[in-house]
Amino acid sequence: MNDVLMFHISSGSYRVLDIDYAYQSITLHDPHMSTCETIVLGGKGNGFEAEDWRAPYFNPTSDNVFMLIGCSPKSPIFQGFPEKKVPCRNISGMSCEEYMSCPAWDMVGYRQGIHSGSGPPMCCAVGFESVKAINLSKLECEGYSSAYNLAPLKLRGPSDWAYGIRVKYELRGSDAFCRACVATSGTCGYDESADGGGLRHVCMCDNHNSTTNCDSVIPPAGASSSVRPKTIGSLILYFIAMNIGLQRRQ
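Letter 38 of the sequence shown, counting from 1, is numbered 1248 in the numbering used here, and no numbers are missing.
Quick caveat, the hints were computed from the structure, so don't treat them as lab data. For clarity, every value in this text was computed on a predicted model and none was experimentally measured. Warning: the hint list may mix true and false statements.
[Said to hold, decoys possible] Restricting the straight-line Cα-Cα distance to at most 27 Å, the calculated cross-link-like pairs of lysine-lysine (BS3-like) are:
no., residue 1, residue 2
1, Lys1348, Lys1284
2, Lys1378, Lys1284
3, Lys1295, Lys1348
4, Lys1254, Lys1284
5, Lys1348, Lys1378
6, Lys1284, Lys1342
7, Lys1342, Lys1295
8, Lys1295, Lys1284
9, Lys1342, Lys1254
Produce the entire structure from the sequences given, and follow the hints as far as they go.
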């Protein structure tokens, strides 16, 4: 039996290949994602799309290229994103032209090239910031591949690319809040907002919790939450608990 670390968001479940704490990134694998050895069509891939409240904390890195395969002429990709510009381009030295030289394309009969007649290109390379969500159904695409650049390494071709989805995680806007909290002898933490809108910062004081600092007015007895907020230091553990589950596979 092998223990497999899984990452769960609205678009699907992904196997965790690596967690890089120094660069605050995790690398994910989608079993229905195409690589240089295998082309997966039929719209089976998860792509990548996080819930609105998680999106500020989890986004694919800027050196991650998504290669959308077999998109319909009616796809939003070809209707033009901002300013009617088609977002297909080279990302971090990786392009569809190179990707379509992979031997797996021979098996699906598309080796003739990136363009097929007068229709849209068979493959369109985009950065996540261009489309904000990789949803094959909404984009009307048959499949996708994802790779990231391990700069400054110079790779010879797509067979040497690192395939997977590299996601950056972070907590924004906490520094000023935590400094103010700690300055008043509090412990910086966070909790889920009551309306289910995501995370909120909380300053944990001796006798109460505050949304500002420990010098603020103490709430009436019983007004504070019965659930102990978590410290900022355990933020990554929180996200692991929310998004990553340890599953056993036979």
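Going through the hints against the structure:
no., hint, verdict
1, Lys1348 - Lys1284, "holds (11 Å)"
2, Lys1378 - Lys1284, "violated (31 Å)"
3, Lys1295 - Lys1348, "holds (18 Å)"
4, Lys1254 - Lys1284, "holds (19 Å)"
5, Lys1348 - Lys1378, "holds (24 Å)"
6, Lys1284 - Lys1342, "holds (18 Å)"
7, Lys1342 - Lys1295, "holds (15 Å)"
8, Lys1295 - Lys1284, "holds (15 Å)"
9, Lys1342 - Lys1254, "holds (19 Å)"
In terms of the numbered hints stated before, the structure departs from hint 2 and from no other.
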